[in-house]
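Respectively, the protein sequence lines represent chains W and E. Following full-length UniProt numbering, the numbering of the first sequence begins with 1 at its first residue and continues without gaps. Following full-length UniProt numbering, the numbering of the second sequence begins with 1 at its first residue and continues without gaps.
Please keep in mind that the hints were generated in silico from the structure rather than gathered at the bench. Quick caveat: nothing in here was measured; it's all calculated off a predicted structure.
Simulated crosslink set (DSS-like; lysine-lysine; CA at most 27 Å straight-line):
#1 W:Lys259 - W:Lys242
#2 W:Lys133 - E:Lys252
#3 W:Lys223 - E:Lys84
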Amino acid sequence: MKSGLLAAAAAAVVITASAAAGAATLDTVKQRGFVQCGVNAGLPGFGNPDSAGNWTGLDVDYCRAVAVAIFNDPNKVKFTPLSAQQRFPAIQSGEVDLLSRNTTATLTRDTSVGLNFAPVTYYDGQGFMVPKKLGVKSAKELNGATVCVQSGTTTELNLADYFRANNMTYNPVVIESNDEVNAAYFAGRCDVLTTDVSGLAGTRAGVAPVPEDHVILPEVISKEPLAPAVRHGDDQWFDIVKWTVFATIQAEEFGINSKNIDEFANSKNPDIQRFLGTSPGMGKALGLDEKWAYNTVKKVGNYGEIFDRNVGPGTPLKLERGLNALWTKGGLMYAQPFR
Amino acid sequence: MATETRTTQGAPPPGGVSISLSDPTFRAIVYQILVVGAVVLVGWFLISNTLDNLARRSIATGYDFLGREAAFGIGESMIDYSPKDSYGRAFLVGVLNTLKVSVIGILLATIIGTVIGVARLSSNWLIAKLASTYVEIIRNIPPLLQLFFWYALVSDGLPAVRQALNPIPGVFLSQRGLRVPVLEPHPVWANMGIALLVGIVAAWGVSRWARARQARTGQPFPAGWAGLGLIIGLPILTWIAGGAPMALDMPKLAGFNFSGGASISPEFFAILTGLTLYTAAFIAEVVRSGIKAVNWGQTEAARALGLPSGPTLRLVVLPQALRVIVPPLTSQYLNLMKNSSLALAIGYPDLVSIANTTLNQTGQAIEGVTMIMGTYLVISLSISIFMNWYNKRIALVER
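Can you build the whole structure from these sequences, using the hints too?
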């Protein structure tokens with residue numbers, strides 16, 4: 001349980017001792033033969049090992065997408081489960097190449113924490129979950145409540161801001177590990193559990209003894225754009241992660257998915273030709289194979305497929321697309337042009 | 001042997017140091033300069049390399065963040081704190097919480113440890129076996145597991161807040177911890193504190209006077225009872241003189257939780273109980289070994305001189321046992337204080353927990369870790385200095 005501190009100390013050591021001249025991340029990754037990816041240790045739908053020990057989830061799929069873009073193999077990834085507190089030291093120190101761990105992009109993290117955020121893979125917001133038997137209908141009724149929250153998150157700060165803004169008091173129970181936070185809430189130590197709404201849905205579906213006994217309150221108190229992140233100082237690596245995310249979104253916009261992608265091989269549309277690498281240039285610009293986008297969509301799927309497979313209506317989380325629909329369908333998912 | 005011969009041959013001429021590596025004095029100086037130089041060089045390399053790396057990744061450095069608004073809440077605090085306060089104040093809250101659990105833990109562990117240690121030496125078979133079972137079980141289970149056990153005992157074992165146990169009117173026991181009534185604020189409490197201090201000073205004076213008189217005349221004086229009377233009696237007299245206020249601030253169930261009264265949170269209970277019982281097992285062994293180290297002949301000699309068993313323990317056995325007990329006891333105190341960082345796992349806001357949140361929100365891991373290390377070092381050294389001073393005081397004075 002002191003692992004958070006351990007990671008921080010390790011990061012301090014690594015940052016202290018790592019040689020001044022850093023090699024390009026892409027070269028290091030290619031030489032190593034796999035992408036080292038930091039993920040959530042246990043958040044159903046985003047980063048969670050299944051019963052066979054395989055990692056699943058939306059964040060996990062983006063690790064795999066980057067691995068496919070580089071190696072054309074979704075299994076050339078090693079996953080490092082990280083707590084909220086461990087994640088920044090891990091990416092700062094180079095312990096992981098990519099942080100894909102339901103991390104909210106914020107100004108401080110983009111600047112003084114030293115991260116670069118790829119495009120948002122899930123637009124989320126913070127909410128509250130309470131036991132149904134409390135009879136609470138709105139977050140405005142939570143004055144004086146005891147709230148379980150994971151430490152080292154934007155959630156912890158939004159919580160304080162929300163109660164301050166509404167002139168209410170609360171009593172925080174702040175625990176490092178996600179599992180222990182959930183355990184404390186379900187044991188009844190707290191009246192309220194707070195985290196991103198998607199996380200609440202995942203916890204209710206996957207952890208609650210009786211999911212129907214808990215309700216998620218209607219208020220969404222913050223903007224939580226969750227995005228993969230890389231560390232400062234390697235623009236090429238940042239570009240690769242960024243455009244891999246865009247590729248999954250662009251594919252959905254083209255109507256290309258993992259099943260029908262080969263039907264587009266002879267497409268006359270120059271946009272699609274550039275995207276699939278039939279007319280070359282995009283891959284070279286990124287330092288990747290020309291078929292990188294083709295491979296990514298073929299092996300991991302487009303954004304819609306990734307969403308539906310992990311968190312969509314057909315999964316225990318039962319989340320609607322909402323803000324995460326394509327811009328053409330009233331959502332915010334919008335890829336920059338592939339040219 | 002060859003080396004030795006050469007050393008002797010190369011000894012400096014009387015009255016000077018020769019500038020030659022065969023001169024042991026000169027050689028020693030050279031080696032020391034080399035070692036110090038190497039340490040400084042490595043240190044300089046680490047620091048400059050760190051700053052360089054941080055700058056290249058444009059990660060913020062420095063301790064300016066301590067003045068910025070913390071904006072996160074803390075569950076329990078000994079001083080006023082709100083999310084509006086600075087990171088610096090939040091850290092202070094953490095330090096005080098660590099000190100609170102350490103000081104109370106050290107006191108309780110010492111008392112429990114001493115009792116168990118003496119019990120292990122008891123001639124009563126059952127008591128001795130119970131004590132040794134306690135020691136063997138507790139000190140062989142990792143403290144983290146014990147903390148989880150105590151925490152689960154409260155959060156899973158006790159009823160929900162609305163069904164709180166109410167053993168005595170005003171006292172509520174639930175998953176939210178223990179709520180007890182406290183006395184309403186009144187000026188007499190401050191006066192009673194002063195009376196208590198006066199009582200302690202007076203008791204000390206009486207015992208000095210009694211010892212001097214006994215040395216002079218041989219007449220014993222019950223200084224212990226007189227002192228106790230002064231320490232307890234003076235505050236009580238002050239309380240009666242102040243009108244004997246009895247108003248209680250009773251806890252009431254309001255909304256989600258109890259309000260009013262004082263509370264002990266489940267997190268504090270778990271960390272305090274876990275650390276106290278764990279350390280007490282070690283202290284028991286320290287105490288037992290200390291008492292065993294005093295030769296039985298000492299007790300027999302004291303008895304032969306006609307000393308009753310109380311003064312025998314107090315005047316003959318304990319002063320000698322303490323010399324054996326105090327140095328390892330210091331280590332146990334240090335262990336307890338450092339183990340308090342396990343609080344992170346169960347959500348007690350100690351200094352590590354708060355520094356961790358801070359370093360996470362600011363991204364300044366190196367600064368956070370140095371602050372944690374520095375604070376523990378200061379607390380540890382303070383405990384060491386105090387215990388070393390005490391150890392010197394009770395050490396055998398050789399004539």
